[in-house]
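Peer 1: Single-letter residue listing:
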Amino acid sequence: MPDLTSIPARALIASLLAAVVIALVVWLGRIPIKYNLRNLVVRWKTTLLTAAAFMLVILLLTVMLAFVNGMSRLTQTSGKPGNVLVMSEGSTDEAFSNLSKSSIEDVGNQPGVLRENSRPVWSRETYVVVNQPVVDPAPRRPTRRLLQVRGVEDSAVSGRVHGLKLCPGGEWISAIGTREIPAAAGGPAGGINTASEALIGEGIAREMARDRTDAARAKARDPERMAIGDTLLIANRPCIIVGIIQSSGATFDSEVWVKSTVVKEAFRKEAYTSLVLSTKDAESAQQLRDYLNTSYKKASLLAVTETDYYNGLSATNKQFLIATIIVAAIVAVGGVLGVMNTMFAAISLRTKDIAVLRIIGFRRWQILVSFTLESMAIALLGGLLGLGVGLLCDGWTATSVVSSGQGGGGKFVVLKLVVDARILGTGMLLALAMGFFGGLLPAVMGAIRLKPLEALR
Amino acid sequence: MKFLLLIFKNVRRNLLRSILTALGTMVLVLVVTLVWTVLKALDTATTEKSQNFKMICSEQWRFPSMMPISYATLLRDGGARDAGDARPIDFMTWQFYVGTTDPNKHTFESSLFAFAMDPNKLMAMMDDLDSLPANDAARFAQVVAKLKANKRGLIVGKDRLAMIKKQVGDKFKLTGINFKGIDLEFEIVGVFPSGRYNLSAAMNDTYLNDSLDAYKTADGKPHELADKSLALVWLKVPDMETYHKVEQQIAKALGNANPAVKCETASSGIASFLEAYRDLIWGMRWLLSPAIIITLALVIANAISISVRERRTELAVMKVLGFRPVQIMVLVLGEALLLGVGAGVASAGLTYLAVNYIWGGLPFSIAFFPAFLIPINALWWGLAIGAGASLAGSIVPAWNAQSVKVSEVFSKVT
Amino acid sequence: MNQASSIVSVRHVHKFFRRGSERVDVLNGLSLDVLPGECLGLMGPSGSGKTTLLNLIAGLDTPSEGEVWVGGKLVSQMSEGELAHWRTRSIGFVFQFYHLLPVLTAYENVELPLLLLPLKSAQRRQQVQTALELVGLKDRMWHRPGQLSGGQQQRVGIARAIVTDPELIVADEPTGDLDAKSAQEILDLLIELRRSLQKTILLVTHDPRAAARADRVLHLDKGQLVTDSPVLV
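Chains as they are written, first to last, in this note's numbering: chain A, 1 to 457; chain B, 458 to 871; chain C, 872 to 1104.
Negatives, chain C to chain A, calculated, CB over 12 angstroms:
{"no.": "1", "residue": "ARG889"}
{"no.": "2", "residue": "ASN899"}
{"no.": "3", "residue": "GLY900"}
{"no.": "4", "residue": "ASP904"}
{"no.": "5", "residue": "PRO907"}
{"no.": "6", "residue": "GLU909"}
{"no.": "7", "residue": "LEU945"}
{"no.": "8", "residue": "GLN1000"}
{"no.": "9", "residue": "ARG1080"}
{"no.": "10", "residue": "VAL1097"}
The list that follows gives simulated cross-link-like pairs (lysine-lysine, DSBU-like), each with its CA atoms no further than 35 angstroms apart:
{"no.": "11", "chain 1": "B", "residue 1": "LYS862", "chain 2": "C", "residue 2": "LYS1052"}
{"no.": "12", "chain 1": "A", "residue 1": "LYS416", "chain 2": "B", "residue 2": "LYS497"}
{"no.": "13", "chain 1": "A", "residue 1": "LYS264", "chain 2": "B", "residue 2": "LYS673"}
{"no.": "14", "chain 1": "C", "residue 1": "LYS944", "chain 2": "A", "residue 2": "LYS451"}
{"no.": "15", "chain 1": "A", "residue 1": "LYS416", "chain 2": "B", "residue 2": "LYS719"}
{"no.": "16", "chain 1": "A", "residue 1": "LYS298", "chain 2": "B", "residue 2": "LYS630"}
{"no.": "17", "chain 1": "A", "residue 1": "LYS318", "chain 2": "B", "residue 2": "LYS497"}
{"no.": "18", "chain 1": "A", "residue 1": "LYS264", "chain 2": "B", "residue 2": "LYS702"}
{"no.": "19", "chain 1": "B", "residue 1": "LYS719", "chain 2": "B", "residue 2": "LYS702"}
{"no.": "20", "chain 1": "C", "residue 1": "LYS991", "chain 2": "A", "residue 2": "LYS451"}
If we take Cβ atoms under 7 angstroms as the criterion, some of the chain C residues that face chain A in the derived model are:
{"no.": "21", "residue": "ARG958"}
{"no.": "22", "residue": "PHE964"}
{"no.": "23", "residue": "VAL974"}
Bear in mind the hints are in silico, worked out from the structure with no lab data behind them.
The beta carbon of each residue, even a glycine, is placed where N, CA and C say it ideally should be.
Sequences and hints are given; from them, build the entire structure.
Peer 2: Laid out in structure tokens, this is it:
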């Protein structure tokens, strides 16, 4: 299968190329383009009607591609090149991995793993997906949520391994890992007043805030997102947010971090799921990965570089990209048929004009090109409008799932829609292609088949 | 009647334009039909039902759910102990067995996900399989009978079958992925009806559980997942009242047992899964579909206004002949409607036939729905979209047509 | 008359069309010459073949038999591409119904044929303005055809015909759609242009008053020349 993600890059080049070719044709080819453009202005209602259809098609394409693009950015930027992720052999995903404490003790001492104060720089993690009831859900919202919880030994070290920062005012989870719930927070029911400390990703903090009722929102510290001091329940255990993980455009945006012990006690999970090792650079990471997979015999492990792991979570991206391409292609056919109507009508209304142009000395191909360009000009207008409106969706956040397509193990993510130059190029190219194909057939029929003398009679 | 004929003749007059417009309508209706098929299926799956619905019991906190198999007996009775307790109408237990045909390099293509369950429950409790059309039901009942008769039998979805390159009747071995060390021999006894289970498989739960027992005998100690092998228990209850009673009975019966169990209606269980796709579904419903329908209305509006403009003289003549403005409006609207509805219904019908009978479902996998079948209602959608878009698109041109001024038109024709 | 000195030379031209299985002869072995600077009138009843003859000379059509020479070039043998190229430079057309492009201004209509020539835009502007000045429409050059009277539109048509400085201007019933006064003005203009610019004009008409302005009038009937005589003024 061709690499679908590389299509947009080619599209940008292609649409620039198309623009150059068109400019050259007009400049060198002595095309009566002014005449065609003037007609578009005079018949502005039809022009706008046709362009509006183009606008919608391109707008759809832009938004859908921006969504897929957001997902791709997420899987491509998650993960540090120097990190190696270790799971138990045969695991298709973190969620299904099982690493006993003893089996990984020695992994940190292997060559290539960075050391600090004679201890390995690593993050031992227990990743679970929690089926969490939504407390007091807003009307018509689900009553449960799948929350991604990562138990870590020392959040500050893990944060450093993953290159994460906290938003200002936040603190990493303390050594004790629990603190009193301030009276103002109105601790959870049952008179419990200590809570486990938790960190929350910016993305999921926003998501959870959306699920609050209006009343709860009115009282909230921050109506837009969960804030430091807010509490949540993880497997019936009260947790208090002590820090918000700054959005890094990675899957960690959608996670809650607690101390490993919290996860272990709550979920009967004695083992770790994942072990992330820091190395000097990408090259050392690859060496360490190969070594752990082939030569390390103390435990059956599956090591992947972190970048590869997240890149592998792109099956859903590909699926959506394919769906986007198919939908856009079919809708584009509709647009092409629409502009064909416009151009057929335009040409049949203007057979006399064409005849005069021919008699004056314009050649068939010049007429053909000029009418095709007329159609493409409509497309250009519609395309620009579509892209312009589409640009507004840049930066929107949306939820989705990234997965490796290996069955299960998808990660819920909060992503940002990204409209970039490649999408603009793709949109423009599609618009121009639609204009081209929609204009070509009528132009051929009009320009080639027309007999000037008969048309003027 | 004469009027209809006139409308029909107008559609035929500029055949090229009518064909282009109809084709445009068809492709756009095609996309909307596909999108609505997905939305409709998800809506149906997540709509709470009040009677004879299914509920799911699973591990309270963790996903994926892993409960001791010993919970099964308690859960399937809905926690009922006494004579007066509420009992579910039916039940089904699900264990999951994941294996690979290629132990050295297991990829998605070489692996197989099977529901380990009681074959008797396949057509009684499984979504979609419990409501098969008569023909399919009779055919599938034979497949189920074979599974019952063969402990090592396996029913596989057609896409998965193609993926692992096997055929009905093949015998093969799977290496356990989730149950490590539990490698099983299977014989494929049949295929699921096309649709939701295209990528799935079903096996006898007795085979899995016997194998787990055998592992213990051979190895001296139980398999590490032996007490975590039960994924879900499905219960069918007659009404909400029973549902709540059953939920309380289960909570009471389990007490403080670890892991705790939660009950939810099947629809809310699915809803929490689909929550991840919330924005995607929102976009399909409120951006994609409307944008395509508006595009369609624009395409039709364009075609109809062109044809009205070309016929101004003729419309003026009709006015002179005594046609009333309303009749002229109806003429134009009728032309659009005929095109839109005809193309819309044709498109939905063709989509229905092509997707369901040629492709065996729309392969857009979301959550655990691998494919979607176009509902027969799509014909109505085609009609509604075609009618709506063509009316919306032709109302302005129709108005322009009826307000044609005879004097203006004829003064131009000199 | 001497072929070498004439600007248009038609030699033994036949033209027939097929209508189903029937052959319709329009021109039957016709020959004629036009001298440089001459204004030649072509008259005849409908269907006599005068427009067909004009089209052959202007390179819009090719004869079934015979040769057409214009300005020393064998027009009847040119390919369609060559014809288009040649027409732009050598022939100016004036039509009965003006045939201006309705969406373009008078200026742009006149400019149209110049787009096909390798001219700088300043040169183009110069030529268009001169042409419009010559037909007396300089003050109206930003009007569209719809905003002009019939006579004015025909003036724009004439300006378009002369703007490329062609050797030959062909006019097919240039006054056919005009009232008597406008027709008179258009004819005056054509004759004046012929004089001042030394153009050759081929004028097809069935209006005797128009024909009266020509140096010489040829009468066609059933595809053949009936008379070839200077008009008596």
